[in-house]
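Colleague: Below, each chain spelled out in residue letters.
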Amino acid sequence: MQETKTKTVRFVISRQDTPDSAPYQEEFEIDYRPNMNVISALMEIRRNPVNVKGENTTPIAWDMNCLEEVCGACSMIINGKPRQSCTALVDQLEQPIRLEPMRTFPVVRDLQVDRSRMFDSLKKVKAWIPIDGTYDLGPGPRMPERKRQWAYELSKCMTCGVCLEACPNVNSKSDFIGPAPLSQVRLFNAHPTGEMNKAERLEQIMGDGGLANCGNSQNCVQSCPKGIPLTTSIAALNRDTTFQSFKNFFGSDQI
Amino acid sequence: MAGNREFFNRRLHSLLGVIPVGLFLVQHLVVNHFATGGEESFNNAAHFMESLPFRIFLETFVIYLPLLFHAIYGLYIAFTAKNNTSRYGYFRNWMFMLQRVSGVITLVFVAWHVWETRVQAAFGAEVNFQMMENILSNPFMFWFYIIGVISAIFHFANGLWSFLVSWGLTVSPRSQVISTYVTIGIFIALSIVGVRALTAFI
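Taken in order, these protein sequences are the chains called A and B.
The first sequence begins at 28 in the numbering used here and counts up by one.
The second sequence begins at 19 in the numbering used here and counts up by one.
So that you can see chain B by itself, here it is in the shape it has in the complex (with noise of 0.2 Å):
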């Protein structure tokens, strides 16, 4: 691979947005709707995923190691653009900005979710519903995580439209106006499923 480095990197960092990273987001806001049911029923679905075998290999493989890469080589590719939505404003180069800029959104969020959750959770705190009370009580911290997951639920679904192109399976423009509509669609039902598992809190 050392020839071709960066075309591997591209191409690594495209699949790791979808498999495991995009799939883990999803999953993740799929369990966290079961606050809408009540405090139990999220803290019985949270503890199925603590106690779930082999979790800390899990979170290694699956979230920790794919998302640091994803992570590091975005900001990479992120600050190597230029931003040009003011000369040339159409849609899939403003899609583009926007990919660039929830990404790096995305990234401030996690790190801060990570820390104050699963970080705090390894010095012994219980994540459960309570936990998630508290911290969303605060005003300033609930519009911090709508606009933290809206903008990562729009990075995976703008990133599965640009995940089709790179890896070549939506070629003719038609199939990427019609995948547009699909990862639009995507983008709407993950963002009810977000905003209502937050606010299920309050």
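Only chain A is shown next, with the shape it has when bound in the complex (with noise of 0.2 Å):
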């Protein structure tokens, strides 16, 4: 193995100072330990700054919390496909190991960037179940077992942004709000409550930026870390879409 004949693990990292400063190269070298994953050896480099030249550098800003890829905070683009740092393990990676944050994302300082649209955009699908009442409003309907085992798939969700950076359609010259809010309507319109604010949602993923700005490039799908069908909830959502139009166009009932 080539780890154990060099013992050392290069890094090819994009790095940027500011949000609007221009980003660079910069490489590292450290020594190989067994089993490390990226964030270990960040956090081996944060421990001792200095590059490959030899020269002290500042350490490295990345963003991470659970480290057992059920946050989505870590992640970023290695070896050129978005994934989490956490679960990335150096042993199965190519060297030198490339490293650059997701760039469809504000960039706030090299590998750490501002999510920030993606919690804007659950906010704006209502992507939860409201329950509260001015009075006890008693149980709610209950989920058959086998739906419930369905939508925890879709809600195995964790807001990474890999389907957003992942999309050739959400870039800066679109407002395409992306895969991943979207599976979260499909979400929240399955659930017996959740229900209840159906075309609610559906109204708005029908405005501008919305569903129907999916190209069906099927990256997302192919990209999501958790396996989430995301492009089969799009779908699904289209059919919904194309029925609630014709409701709001053809009917008379509100909802």
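Hint data in this document are derived by calculation from the structure and do not stem from the laboratory.
Note that the Cβ used here is the ideal one computed from N, Cα and C, for glycine as well.
Certain hints may be false.
[To be verified] Below, a list of computed lysine-lysine pairs in the DSS-like style, where the Cα atoms sit at most 25 Å apart:
1. A:K150 / A:K80
2. B:K100 / A:K108
3. A:K183 / A:K225
4. A:K253 / A:K183
5. B:K100 / A:K34
6. A:K108 / A:K151
[Claimed, not checked] Pulled a few chain A residues facing chain B out of the computed Cβ check, cut under 10 Å:
7. Q122
8. P123
9. G236
[To be verified] Under 10 Å between C-beta atoms, here's a sample of chain B residues computed to sit facing chain A:
10. R28
11. S32
12. F72
13. F75
14. E77
15. F79
16. V80
17. T98
18. A99
19. T103
20. S104
21. R118
22. L182
23. S184
24. L187
Fit the two chains together into the complex; they arrive one by one in their own frames, and the hints show the way.
Modeller: Below you can see the structure in the form of structure tokens.
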């Protein structure tokens, strides 16, 4: 194995000092340890921020939180593919390992990006189930177990942003909301209580920058680290919005 | 429709691509195929199409207006995409990119084709076997026509696939895979029809 021969790991990291400054590349070489992941390597560099030329430099900025691929915070582009750095094992990566931020989002610094637009989108599509009333509304309708299991797969979304990064229609020229929040509409519309606001959510994604911007490149479903059937969700919502638009134009009921 | 203009435009764009523009493309290719039966057979078919009643209305509402909307809005769609097939080389992503490229090629081809035939006809030229024979005797124009016709057919066949998704007809991955095979079949069949007709003129 290459690692045992050289006993080092080489990184080419795309860096950026401020949100508006120009990005540049910096190379690092660190000692190999067994079972390293990209995050432990970044921590190693942070401990002693010296680049491959032997110059002292600033530690690299990146986001992380759960370290077990459920929070989505540590997403970045690793050797050309967007993924979570916590589950990117050094042993499985070709060297030099190239790290870049997901530039679909505004870069804060180095590998750190601002994913606010995704959380704003979740608010826009009302990705929750309203259960509050001025009095006790009692228990809601029950959900069949099989449906719950199915919906659980959609609920695995961690808002990591990989699908937006992979989508050719999410870019600075378009205001497409992206696959992740769309799939959440399907999740919450499938819930027996959430269904009560189904039309509201559909109307929202029928607005500008919504569902119709999808161009079916299907990169999202190929890239999703959680294996969420994003394109199936989008196609299902295409059907729902077809019915909703017919209802809005020809029908007389309000929801 | 003010609240969801983009939704309406996109859906209209998808629909018009199939009905009537896609249907017109199929009809046009089929009529062209008469050329394989010789000059007289083509001229008879072309004459029949020319002498349809209410021709200018048929042309306007079945061809010009839907095609104009589809072309102009399609250009807008094509140029809001940021293609990334080098990083994500999946089949559907290539189709996504080719759909936009073939759309632009088809628009250039159709613009030239309309100028060369329909507009010249309005100026008094006669559209017949002879005219096409003259155009296609130039090897450059022959290949221009081959590329234009094939990209129009590709754009239609692949567009039919995404029409089925965009309107929510094919939702499951399995139905989307099967409709991929069906639209590949349509692409091959119509390409044979189109290329046979073109080669019949030389």
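Colleague: To test your reading of the hints: which numbers does this structure violate?
Modeller: Hints 1, 5, 6, 7, 8, 12, 13, 14, 15, 16 contradicted; others consistent.
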